[in-house]
Amino acid sequence: MKRLINVVRLALVLSISLGLLIFIGLGEARRTYPQFAVEKLAAQGELVQTAMHPFLLADLPLNQYPGFNTVTQPILSSDPHIYAIYVTNVPGQVVFAQGAGVQDVGAIQAGQAPYATQPDASRYLVTENDGYYQVSFELRNRFDQVGTLHITLPKSVVQNTINSAFLPVQGGAVIVVCLYMIFLFVTSSRWMVKEEDEEENVFVKPGEKVPATPPSGWQQAGTKLITFSYAAGFLAVAALVIITLTNIYQDGMRGKIRALADSLGYRLNSALELGLSIDDFTGIEQVFDEYRASNPDLSYVVLAVDDNVIIHTDASQNGTRWEPQRGHFEENASLMQDEQTGRNLFLHLGIPKSVIYNRLLTSARNFVALFVATAFLSSLFFSLIRSMSNRPPLIPGQLRKQRGFLLSLIGPFYFLSIFVIHGLAQAFLAPYFESLAEASHVTSGTSTLFSTYYVTYTIALFATARPADKYGPKPFLVIGAVLVAVELLLLGLVSNFYMMYLVMAITGIGEGMLFNAVFSFIIRVSSARQRTRGASIIVTSLYGGWLSGTAIGSLLAADPTLGIRGVFIIGAVVAALNLLYVIFAIPSLQGEHFEETSTQQFDSVTLQPTKITRDDMRAEIDRERKLRQTKGPVQRFLLDLWMQASSSFSDLNFMTAAILVGVPVKVVVAGLIKASLPLVLKQQNYPTQDVGQIMMLYFGAVLISSSIISRLADKGSTRLILFLGGLFSGLGLLLMGLMGNFTGALATVTLLAGMIVLGLAHGLIQAPIITHISRTKTAKAMGQSAASSVYRLYERIGNIGGPLLIGALMVQTTYDAKTIIWIGAAIASFGLLFFLMAQFKKKEVAK
Amino acid sequence: MTLNKVTQILLACVLLGLLLAACDSSSPTAAPTVPVVEVIAPTPETGTPETVEITSPVEWFIPAAPLAASWNVSLAPGQTETVLMEPKEGEAQFHLLFLLTRGHVLYNRAIEVVLTTFQERGIITSAAVVLAMDPETKLADVDKCLAALEYAEANGYDLIYPIGSDATAAVHDNYRGGDLPVVALLAKDPVLLGQIEAYDVGSGTNIAYTSVSVPVDIQMTYFRQLIPDLKNIVILYDQNNTSTVKTQVEPLDVYAKENGFNLIPIAVTQVESNDATRIELQTLFPPIMNTLRHDDPNNNQSLFLLTNSSKIVDVFDEVVKLAGDIPVVSLLQEQVQEGNVSAVMSVAVSFDSNSILAAVYGIRILQAGEEPGSLPVGLITPPDVAINFMKARQINLRIPFTLFETASKVYGIDGYLVREKGQIIP
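Which chain is which? The protein sequence lines are A and B, in order.
Its first residue numbered 1, the first sequence is counted upward by one per residue in my numbering.
Its first residue numbered 848, the second sequence is counted upward by one per residue in my numbering.
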């Protein structure tokens, strides 16, 4: 039974991942296929417009155009999905209408809004409402606009095409999950923990020998088995999705090229039907060139007499024998016979298959991002399932015996918290806020929202640190989780810009509480040996949650049926589940007998205890005395801040590290990465999912470099590491900013390189700066713990000031990417200055 | 006003008169005093013909069927030369005053086009049509023009349309800076007439100008499309027709010098009879043809350009014959016609087009609140192009496809009209 339960649990994780994969695939199709459909619709509309053009050019009244039915009927017959083709005059009255939807013009027109990804703004306007896509063409005579031609396609047609195409994928996914379950069931003896081993592993003795990772060979092999089979299942369904997308795109592309051929053929036939010959004309090659220019997907247009090319957009092919070109989707249109010569004329249009492949490449890239994101999530769930399946009895008062198990419970919670707080909305939160600000006619309001978040976050960190120690972490975990769920729900339901200040304030308080509570929980339950694992949980959850959430959030937000606010609602649901998890799965530690620990005595990054010296104790007593003499909590809070900060002013080493390295990192993270970069990237026309993937690189790089450098920080020269961190931060920003100087692939490559370098550099700084601070004069004078707190205070200043500073800069330069170059130059200069001053100080000391 | 300007205006009047005469031979004075006519008005929406009774209290203005269908026509109380047109349905949003210096069927058509253009855009208008003509001389009566303008101001009119170059000149001279906005209709090139400095700027006054002429640079764009390597333009005109010389020959001469091609003039002087002109042409052509044969042996760098001097219009068949395989292009649409005695292409502006443009200007002023003085000279682009493929084939000339697509009149390879105003002629 237990085996079956475990198999089902693991299969559930794969099902969720595959569900997400199919949803993203559907989203891809929903984003891309309508574009093909709209482009096809546009080509069909263009045909009608072309037919009406000469009439209008003669300045005749629109309502007297005699050929509307003649022109539209063949289009409607060949494409029954078109709902209506109709013409309105300037006052908006319908002059002509054809198609099944002629009676529904009111419904078609109601609430039409600009289509998000209009292919070409100059020739036609694409709009949509809940039910229809509509392409509209201006009808102009020689003086002004006399009317508008509309061609309409029900969204349900597009939706049904996509849904039918994805049915086999869904079936395939079910089969893959079933196979996965069978596989897990059959191989369960290789990956499941045996009863006797469970006993050994779970009920550890008070001497603390809880394994951080599965220790025995067969367990590791089992983990690999699960992982590989999971990956195989995921990739199999991903391949199915790609094949389906290829088919849908090909279908869309063929429809589009058919319509283009008809449209161009109509123009040429307008001469042939008058009894004129192609030989009567010059300039047809220019017509083809212009047609190609206005339909950039077209790679060639050819006019052939039987098999002989007479006009080719590649002039060198004129006079050659026509042969279909490899690697192209091609459409042929048979023109009217040339009466003068009796020749049969054919039009051949080609679109390279690479157009499809490029679009598929985007999909494939999204799937890779999704795979990485779900891999984080899945590994987290796998380990949680493993822990839960081996769940020991939690006896109140004896939780101390289950340290390892308790530690494994907190990781998923913190991961999911970060996932929903930061990750899901990372790619689009700033642009979303900007759009709300614009709607409320507020300029440069976005950065103040982020600063609000950091202010309340800082206050919550200060305010809840001691209570979390005193009352135990669980109440704060619950309250924090509630606040996060409320915040996301508000984001999903409210669109008033000013309400966002409240939302961000709630987020800051919630996250501040959560951080202290998680920190307190880990410090309490982890033994000295487990603190590395504890630190790893914090770092992995922080950056993994951020990375994973960013990837998934940006992909979900790009789905037109879900949208940004839909993602917030999903976030709220996940946050609510997380809340339930914390309520029911994480025990209260009140009354449990762990070692007497205070979070104040541990570093929040390394989780190593900071040394409490006699100076520390003396300073603490003095501080307490002064605080007690001050009336009012606010005054006490401010005095406490001042006392902490002022103690560092005379320490050049401390100040240079904090001001020239630590604070700039926070300014860049809070002000640029979080608050401004998504807006810059939006300005550079990167779609939301691309923004998410670009951000992923940064978080991935931080994760990698911080995990490597944390092992080295204590051994090497922190000065050199910090200098390199600062310098490379500047270099990374410089590269990112260079995207503004380039276009196309080169811009993207420099951006990506910049993001990676910046992430690696920030990872370099994170842990070593704490080590560096602990070695300063201030730390010696006031103790490492106090010095670390003072340093965190400076960091918060960077967090709060960052969005304001960078936001103001960006608003001034209208989010010009080149601004990042100057920020990079400043950061690199700070790094260099830090190094020079440290060298100078070193020489002074040597003297 | 300088003597030069007066001369220009007078010349313009003469030219317009000739033009009108060339375009329509019917005389306005031939109309009955109070005509009662029954016509079939086209109703394309319903497809059902509708009978409309057309009546007019005056002989110089006979409203066309669409006007009679939608407006009541009557004499203004106490006036003999002011006709009022009140909408049959709805209340007029704007009141227009059309100022004529003589009656003509083309002017009636212009009024019809302007009012129906307003109507098509859902704007209900009333109108007054005022004749300001000296009955003795049949020329423009400036005092009556002034009286009409006073009448417009006193009776709450919103916009004045002087029709024709005479009326426009009278308003230009006497009502610049006046209270009411003015849009010139069926007037000749105001830049060449010195009424405004350039085409692309507004007058800065209460007058917006339009033009029935095609500016030289636009003409040239079309000629160069037709003959990409164009080097020689042989221009035919009546030496005695000063307005043609001023408005068509001299501007082209300046353009030719600036743009490095040859403008070869053929100026006829023997205008006492068509035969005399033909004989003169037969004398003038051979040396020109010799020059062209020498300079353009393949006949693909030259064209003959027919101005709309009436004498040239009368003998254009002779020109077509003498031009041989060199394309003949005209500035009058009527010279592209059935058969092979035709210019191969014309680039001109129809009066209907000019009337629609004037209506659009009026709508922009009245509805969108634009200042008349800020509107550039209203030019029709693209101009009306007519092509004769029978002639083109005869001289081995291939026509650019885009020219064909924009042509308002196409004569097929048999010389018959096959497409007009976007519709195939069966």
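If you're looking for bench data, these hints aren't it; they were derived computationally from the structure.
Check the hints yourself; a few may be wrong.
Claimed, not checked - So the derived list for chain B, only partly shown, Cβ under 8 Å to chain A, looks like this:
hint: 1; residue: Asp1142
hint: 2; residue: Pro1144
hint: 3; residue: Arg1245
hint: 4; residue: Thr1253
As the list claims (entries may be wrong) - Label-pair ranges, simulated between beta-carbon atoms:
hint: 5; chain 1: B; residue 1: Pro904; chain 2: A; residue 2: Gln64; range: 25 to 31 Å
hint: 6; chain 1: A; residue 1: Gly319; chain 2: B; residue 2: His1141; range: 20 to 26 Å
hint: 7; chain 1: A; residue 1: Glu290; chain 2: B; residue 2: Asp1020; range: 28 to 34 Å
hint: 8; chain 1: A; residue 1: Gly319; chain 2: B; residue 2: Arg1071; range: 35 to 41 Å
hint: 9; chain 1: B; residue 1: Gln1214; chain 2: A; residue 2: Gly744; range: 55 to 61 Å
hint: 10; chain 1: A; residue 1: Ala239; chain 2: B; residue 2: Pro1075; range: 41 to 47 Å
hint: 11; chain 1: B; residue 1: Pro1075; chain 2: A; residue 2: Gln812; range: 49 to 55 Å
hint: 12; chain 1: B; residue 1: Gln1214; chain 2: A; residue 2: Thr443; range: 55 to 61 Å
hint: 13; chain 1: A; residue 1: Asn69; chain 2: B; residue 2: Glu983; range: 17 to 23 Å
hint: 14; chain 1: A; residue 1: Val94; chain 2: B; residue 2: Pro904; range: 34 to 40 Å
hint: 15; chain 1: A; residue 1: Asn685; chain 2: B; residue 2: His1141; range: 39 to 45 Å
To be verified - These stretches of chain B come out as covered by chain A in the derived footprint (C-beta under 8 Å, 3 or more residues):
hint: 16; stretch: 1004 to 1013
hint: 17; stretch: 1022 to 1032
hint: 18; stretch: 1202 to 1208
hint: 19; stretch: 1258 to 1269
The C-beta atom is built at its ideal place from N, Cα and C for all residues, glycine as well.
Here's how the hints hold up against the structure:
1. Interface restraint check: B/Asp1142 against chain A, minimum CB-CB distance 22 Å, threshold 8 Å, status violated.
2. The closest approach between the C-beta of B/Pro1144 and any C-beta of chain A is roughly 20 Å, which is over the 8 Å cut-off, so the hint fails.
3. Evaluation of the B/Arg1245 hint against chain A yields a held restraint, the C-beta minimum of about 4 Å falling below 8 Å.
4. With a least beta-carbon distance of about 6 Å to chain A, the hint placing B/Thr1253 at the interface is held under the 8 Å criterion.
5. Separation of B/Pro904 from A/Gln64 is about 30 Å and conforms to the stated range, judged on CB atoms against 25 to 31 Å.
6. A/Gly319 and B/His1141 have their C-beta atoms about 34 Å apart, which leaves the hinted 20 to 26 Å range violated.
7. About 47 Å separates the C-beta atoms of A/Glu290 and B/Asp1020, a value inconsistent with the hinted range of 28 to 34 Å.
8. Separated by about 27 Å at the C-beta atoms, A/Gly319 and B/Arg1071 break the suggested range of 35 to 41 Å.
9. Between B/Gln1214 and A/Gly744 the C-beta distance comes to about 46 Å, which lies outside the given range of 55 to 61 Å.
10. Restraint check, A/Ala239 to B/Pro1075: a C-beta distance of roughly 55 Å breaks the suggested window 41 to 47 Å.
11. Take B/Pro1075 and A/Gln812: their Cβ atoms lie about 51 Å apart, and the range 49 to 55 Å holds.
12. The hinted range of 55 to 61 Å is not satisfied by B/Gln1214 and A/Thr443, whose Cβ atoms lie roughly 34 Å apart.
13. A hinted range of 17 to 23 Å is violated for the C-beta pair A/Asn69 and B/Glu983, which are about 57 Å apart.
14. With their beta carbons about 39 Å apart, A/Val94 and B/Pro904 fall inside the hinted range of 34 to 40 Å.
15. Between A/Asn685 and B/His1141, the C-beta spacing of about 59 Å breaks the proposed range 39 to 45 Å.
16. Closer than 8 Å: that is the beta-carbon criterion, and the stretch 1004 to 1013 of chain B has 0 residues meeting it against chain A, so the requirement of 3 is violated.
17. Here's how the stretch 1022 to 1032 of chain B fares: 0 of its residues keep a CB closer than 8 Å to some CB of chain A, so the rule of at least three is not met and the hint is violated.
18. Using a Cβ-Cβ cut-off of 8 Å, 3 residues of the stretch 1202 to 1208 of chain B lie near chain A, which meets the minimum of three, so the contact claim holds.
19. Coverage of the stretch 1258 to 1269 of chain B by chain A holds [criterion: at least 3 residues with CB-CB distance below 8 Å; count 8].
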